[in-house]
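S.K.: For the record, the sequence lines run as chains W and U. Just so you know, we're using my numbering here: the first sequence kicks off at 1 and counts up by one. Just so you know, we're using my numbering here: the second sequence kicks off at 529 and counts up by one.
Calculated from the structure, these hints are not laboratory results. These numbers come from a predicted model, not from an experiment. Backbone N, C-alpha and C fix where the C-beta goes; we use that ideal spot for every residue, glycine too. You may find that some hints are simply not true.
[Claimed, not checked] What follows is a set of in silico ranges between Cβ atoms, one per label pair, in the way DEER data are often shown:
#	chain 1	residue 1	chain 2	residue 2	range
1	W	301	U	640	19 to 27 Å
2	W	241	U	618	32 to 40 Å
3	W	314	U	582	24 to 32 Å
4	U	572	W	240	42 to 50 Å
5	U	641	W	194	42 to 50 Å
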Amino acid sequence: MASIDTTVSHDNHGDHAQPYGIMRWLTTTNHKDIGTMYLVFALLMLLVGGLMALLIRAELFEPGLQVLDPARFNQMTTLHALVMIFGAVMPGFVGFANWQVPLMIGAPDMALPRLNNFSFWILPFAFTLLLGSLLTADGGPASGWTLYAPLSVQGGMGVDMTIFAIHMMGVSSILGAINIIVTIFNLRAPGMTLMKMPLFVWTWLITAFLLIAVMPVLAGAVTMLLTDRHFGTAFFDPGGGGDPVMFQHIFWFFGHPEVYIMILPAFGIISQIIPTFARKPLFGYDSMVFATAAIAFLSFAVWAHHMFTVGMPLAGELYFMYATMLIAVPTGVKIFNWVATMWRGAMTFETPMLFAVSVVFLFTIGGLSGLMLAIVPADFQYHDTYFVVAHFHYVLFSGAVMAMMGGAYYWLPKWTGHRYNETLGKWHFWLTAVFFNITFFPQHFLGLAGMPRRIPDYALQFTEFNMVSTIGAFGLGIAQLLFVYIVVRCIIGGERADARVWEGAEGLEWTLPSPPPAHTFTTPPKIA
Amino acid sequence: MSRTASALTPALAAALVLASAPARAAWDLNLPPPVTPLAAQILDLHNLILWICVVIFIGVFGVMFYSTYAHRKSRGYRAAQFSHNTRLEILWSVIPAVILVVMAVPSTVTLIEMEDTTRSDLSVKITGYQWFWEYEYMDSGYSFYSRLSTPREQIENRAAKGEHYLLEVDNELVLPVGKKVRFVLTANDVIHAWWVPKLGIKKDAIPGYVSEMWAVIEKEGVYRGQCAELCGKDHGFMPIVVRAVSAAEFEAWLGERAASAAGAAETVTETVTIHPGAAVSDVDSTVTVGG
Ligand code: HEM
Ligand SMILES: [Cu+2]
Ligand SMILES: [Cu+2]
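Generate coordinates for the entire structure from the input sequences, incorporating the hints supplied.
M.R.: Take a look at the structure:
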């Protein structure tokens with residue numbers, strides 16, 4: 001424990017036979033290595049998904065077909081979403097959990113280390129299968145990430161590959177979630193009561209339950225799709241007594257909790273960052289925990305707000321409208337708590353804090369447009385337009401992804417033992433924030449003006465804002481190369497970070513040296 | 529730093545492109561002007577909730593930005609250490625709840641009205657196909673297909689694009705003003721959605737389902753819309769055009785069309801074959817950049 005400057009390989013007590021090179025990564029059961037692999041994988045997928053987004057935006061730069069034919073265009077929108085959701089955001093958060101949960105609760109490792117290795121190594125195979133679908137004769141899946149039947153019953157082998165890939169990702173997610181729950185329930189250091197856990201751990205605990213609850217639902221939906229496609233069932237085929245709308249109900253029963261799976265850990269990350277740089281305890285810790293639980297609970301009861309236009313009975317529409325609006329209350333509580341945490345703090349604005357503050361600010365724009373989408377008569381106008389596209393990018397990019405970037409800057413010095421270049425970090429932040437808004441804010445106007453989503457070509461009146469959006473997207477994409485550069489530089493070297501890293505940092509991870517040795521908290525720390 | 533410069537170059541290029549864009553520049557910021565009472569109600573509702581959201585946003589972030597300005601370490605500010613305030617916490621749970629009720633009331637009223645398709649003057653059945661629409665005047669049984677009429681050359685950048693590029697069809701749906709029109713929607717293959725923004729109505733057309741919506745168009749004119757549910761390759765190429773005319777004109781038009789359709793079945797087949805299989809994307813269009 002005293003070996004502050006030793007590198008990982010010098011410090012593998014007892015683990016003498018630890019393999020090196022590629023075998024180290026293939027066989028590792030160490031939560032830190034696995035966390036790193038998850039994060040690297042997520043970053044890679046962010047770039048792959050980002051490239052697809054740029055192809056989409058290039059096609060939409062001006063009216064007419066230029067870059068992609070309509071079939072390819074649909075495959076790009078579908079795969080962009082699947083890669084970002086299942087490849088970038090979810091594995092990214094699991095990476096954070098792997099690194100941070102044991103360090104934050106004083107555990108020596110994850111509770112189920114071999115399972116941990118397995119759940120990671122499923123992913124490269126799943127995504128090879130998913131992306132490989134592009135090479136088949138009929139191309140990749142083209143029905144949108146929502147895979148609505150009967151459209152998804154059409155399409156070739158690419159759709160089947162997607163279905164199997166989703167099964168694999170589901171298994172990976174469920175195993176990861178089980179591991180996190182078991183770790184949190186069993187490996188907390190003595191004295192680390194549930195209500196003393198850092199908020200990041202809380203949000204992941206709740207997220208893990210959501211995952212276990214809904215990933216099987218998605219697996220069920222795509223399995224029925226598979227049997228409809230190949231084995232003569234007619235779950236979603238009205239011609240055989242089935243029901244296309246049932247697919248949507250099942251999908252969104254997964255889909256809405258899924259969006260909270262993608263945002264709750266982000267809430268956790270910024271709940272760690274803001275108190276650190278405000279040098280002030282998190283405001284309303286208990287209400288944060290309860291609000292998170294309330295959001296998770298409500299998320300099971302609002303799914304049909306994605307389906308207002310299918311023609312539900314009036315009572316159903318009213319119910320789903322009211323229930324969805326209700327989510328705004330616990331969400332608001334969180335935002336107010338973050339602002340109150342900042343209030344009368346002694347703030348500094350290093351890169352992680354810049355990201356955290358802008359997440360609060362920009363996520364709220366998405367939250368408010370979500371509230372507007374909940375209003376059924378208005379949603380009839382917004383639904384399936386660029387207004388919805390703007391909404392979910394404000395919550396997913398400037399919520400989930402930017403929170404992860406903030407978290408990366410926050411914990412990188414701890415993980416690598418080096419400080420990243422603060423000037424470049426700030427440049428990355430401002431470029432990201434500015435280009436993000438240039439890309440997505442105009443999409444609100446496009447949606448209101450009547451531009452449907454998922455179209456490869458559009459009427460002339462939508463040209464101007466689409467051009468602005470495409471320019472923003474390329475700026476946003478290029479800015480992320482800077483991020484990769486900063487991260488790589490930080491891993492290779494840089495100014496040494498001390499154990500505390502940030503002046504205002506509180507929590508067990510900051511009591512360990514930076515970087516922490518391979519095995520930490522082999523004897524549990526004492527919690528005051 | 530050089531990366532910053534490279535990021536800004538496209539922005540400059542774009543500024544030039546935009547500055548030189550023709551005068552038609554449409555920087556519309558809000559829903560289009562409504563032509564039905566329901567669309568007008570939706571616009572009011574939209575404006576109401578939008579402004580409520582804007583006010584909340586400015587309030588919350590006014591406080592936050594004041595704080596980021598005033599409560600800085602660099603200004604010598606010393607951090608307070610409070611972490612609870614029960615009164616405040618109750619207040620900021622209750623006030624949003626009250627605001628939600630304020631939003632819910634008019635939404636409920638409008639929604640109830642939208643779902644009331646009774647007492648209609650005429651019914652039109654809309655069927656979605658990959659990738660065109662069929663309209664049937666249910667009282668007379670007269671029906672026809674409606675397809676994109678934009679020439680392929682325009683889509684493939686081999687000809688200048690017309691004013692109503694992608695929003696024009698061979699056979700428009702003609703409707704009378706001042707009448708309550710009930711739309712009955714279904715689909716033949718996959719799910720589509722019928723949407724005309726100025727009419728304020730959008731609903732999915734689902735195979736095996738029949739759903740309903742209604743509109744009273746108050747102003748004569750041509751109103752354009754698009755399919756709003758991803759329905760495959762040419763989802764972006766199945767527009768909707770509604771021509772609203774006076775009731776008398778409508779009766780005359782429908783009478784003539786229905787009569788000739790009954791007299792000679794060719795009329796219908798003729799309209800079908802104008803743009804056979806208007807699948808725009810069959811032709812390779814992946815190379816012509818910029819056109
Ligand atoms: C205040 C909270 C929120 C409310 C009230 C809300 C409401 C809604 C509604 C009603 C829709 C359906 C819009 C439509 O298709 O017509 C929607 C779409 C969506 N929302 Fe939210 N939302 C909220 C927060 C979030 C969060 C936190 C996320 C993710 C991090 C999210 C991600 C999405 C996504 C991905 C879609 C589009 C799904 C699709 O059709 O592909 N939302 N939201
Ligand atoms: Cu939802
Ligand atoms: Cu469509």
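S.K.: Now tell me, hint by hint, if it's right for this structure.
M.R.: Consistency of the hints with the structure:
A C-beta distance of roughly 22 Å is found between residue 301 of chain W and residue 640 of chain U, which places it inside the suggested range of 19 to 27 Å. Range check, residue 241 of chain W to residue 618 of chain U: Cβ separation about 52 Å, and the 32 to 40 Å hint is violated. At roughly 30 Å, the beta carbons of residue 314 of chain W and residue 582 of chain U sit within the given window of 24 to 32 Å. Checked against the hint of 42 to 50 Å, the C-beta distance between residue 572 of chain U and residue 240 of chain W comes to roughly 44 Å, which is consistent with it.
For residue 641 of chain U paired with residue 194 of chain W, a C-beta distance near 49 Å keeps the hint of 42 to 50 Å intact.
The structure is inconsistent with hint 2 alone, although it conforms to all the rest.
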